[in-house]
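Visitor: Sequence:
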Amino acid sequence: MAYRRLKSWLVVAGLAAALPVMAQAKVGFPEKDELKLGFIKLTDMAPLAVAYDRGYFEDEGLYVSLEAQANWKVLLDRVISGELDGAHMLAGQPLGATLGYGTKAEIITAFTMDLNGNACTMSNDLWAKMKKQVPMKGGKPVHPISASTLKPVVDQALKQGKPLKFGMVFPVSTHNYELRYWLAAGGINPGFYAPQRGNTAGNLKADVQISVTPPPQMPSTLEAGTINGYCVGEPWNQQAVFRGIGVPVIADQAIRNNVAEKVFGVSRQWAEAHPNTHIRLVKALIRAGQWLDANNNANRPAAAKLISKSIYVGADYPIIANSMTGKFEFEKGDQRSLPDFNVFFRYHATYPFYSDAVWYLTQMRRWGQIPEAKPDGWYLEMAKRVFRPDIYRQAAQELISEGKLKASDFPDFATESGFRPVKATTFIDGISFDGRKPNAYIDSFRIGLKGKQVP
Numbered sequence: 010m011a012y013r014r015l016k017s018w019l020v021v022a023g024l025a026a027a028l029p030v031m032a033q034a035k036v037g038f039p040e041k042d043e044l045k046l047g048f049i050k051l052t053d054m055a056p057l058a059v060a061y062d063r064g065y066f067e068d069e070g071l072y073v074s075l076e077a078q079a080n081w082k083v084l085l086d087r088v089i090s091g092e093l094d095g096a097h098m099l100a101g102q103p104l105g106a107t108l109g110y111g112t113k114a115e116i117i118t119a120f121t122m123d124l125n126g127n128a129c130t131m132s133n134d135l136w137a138k139m140k141k142q143v144p145m146k147g148g149k150p151v152h153p154i155s156a157s158t159l160k161p162v163v164d165q166a167l168k169q170g171k172p173l174k175f176g177m178v179f180p181v182s183t184h185n186y187e188l189r190y191w192l193a194a195g196g197i198n199p200g201f202y203a204p205q206r207g208n209t210a211g212n213l214k215a216d217v218q219i220s221v222t223p224p225p226q227m228p229s230t231l232e233a234g235t236i237n238g239y240c241v242g243e244p245w246n247q248q249a250v251f252r253g254i255g256v257p258v259i260a261d262q263a264i265r266n267n268v269a270e271k272v273f274g275v276s277r278q279w280a281e282a283h284p285n286t287h288i289r290l291v292k293a294l295i296r297a298g299q300w301l302d303a304n305n306n307a308n309r310p311a312a313a314k315l316i317s318k319s320i321y322v323g324a325d326y327p328i329i330a331n332s333m334t335g336k337f338e339f340e341k342g343d344q345r346s347l348p349d350f351n352v353f354f355r356y357h358a359t360y361p362f363y364s365d366a367v368w369y370l371t372q373m374r375r376w377g378q379i380p381e382a383k384p385d386g387w388y389l390e391m392a393k394r395v396f397r398p399d400i401y402r403q404a405a406q407e408l409i410s411e412g413k414l415k416a417s418d419f420p421d422f423a424t425e426s427g428f429r430p431v432k433a434t435t436f437i438d439g440i441s442f443d444g445r446k447p448n449a450y451i452d453s454f455r456i457g458l459k460g461k462q463v464p
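So the sequence shown is numbered by the working numbering: it starts at 10 and just counts up by one.
One or more of the hints may lead you astray.
Here are the simulated BS3-like cross-link-like pairs (lysine-lysine), alpha carbons at most 30 Å apart as the crow flies [unchecked claim]: (1) K318 / K336; (2) K140 / K214; (3) K393 / K383; (4) K141 / K214.
Hint data in this document are derived by calculation from the structure and do not stem from the laboratory.
Turn these sequences into a full structure, and let the hints guide you.
Guide: Here it is in structure tokens:
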């Protein structure tokens, strides 16, 4: 390792000496060059695998080991303890930790790993009951499928005293909020959290029961009948199709598209102690994201093959390729083109927009994880505390100066505000989201806490 490190720095020093003064990197040497990064076995960990496999980390003088973690809580705890230098995280995790929902810790993110990438899958039995209400065309379901088609089944189960059970991966996960959003848009109350009263199950006034299941365990838990459906990332929806045990009924881009899905998270303490290392990590990850989306997803088959290895996602290539290469199979044999199922770079996917953070905070408030009303300014203050486009900009400007990417690959840093355009994100219920007006957005929902309501 010492020889590799010396050799790399000799190469870096040689290249720097050969470049014109204006093109030399401004970021200093990394404060720490041997790093351990964590991830969960999901296809959206791909930027980490690509940055490692293609040598982008080493280009920055970083010697990285990637380590799969058992679940999101273990991953977060190990970042907090310093056992991991950083990790692939749920977009809501740095926000939840900083707020003190669950484990209290200051976690920040300067890089969004991807947009979209999830789906809601129902058991075969539940799908058969739902399908009776689903509009059909040419013998196939009309998409997107509304949760209103599920409501009669939910109501019947409640009458029988056997509410339907659904799995999601973590209380502050995208999957929890997407599942809840989809259900509520169809007239189904997914329930409320009341942490001030010790209720962290999120089942107050619920029409269904939602609980945590680690992603790799979703298909087997569904097959066992412990849950009736779940919301998760890939490849665990497609695996249900391949195994013939369930049917993905809606991809998350139809629930809400183009909001941060996963992020790369580090502790604030680590970031302050290793600023150069952090910028260099972000540089490598930006390059990986760009490679993943380059030339209309031309590199996706190679990426799918890479992450199919057991050290990464460890699922069969055909299962991973089904979503990673721009296709998605719903009911068995019903394969549809979804080129934006996974987005790693286009639409400025890697940029940590404040508005994405605000959206997650609105959902935390909507379902009671934030039990008291907050003024609009609080949402932006919290977003700026956790999402760090200032660090991202430094990394991006380095890549531009080095000729590795173009200025046009990024938002216009001179004018952008940290907020996506209002029309950049669409939702299944047709409600518009303006990150500058979070309380008006929260109050627009038929189901959910509003104003000064408490769960």
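Visitor: State for each hint whether it applies.
Guide: Do the hints match the structure? See the list:
A hinted pair counts as satisfied when its Cα atoms are at most 30 Å apart, and K318 with K336 qualifies at roughly 20 Å. The hinted pair formed by K140 and K214 meets the criterion: a straight-line CA distance of about 26 Å does not exceed 30 Å. A distance of roughly 16 Å separates the Cα atoms of K393 and K383; the hinted pair therefore holds under the 30 Å criterion. Note on K141 and K214: the hinted pairing holds, with a Cα-Cα distance of about 27 Å set against a maximum of 30 Å.
This entry satisfies every hint, going by the numbered hints stated previously.
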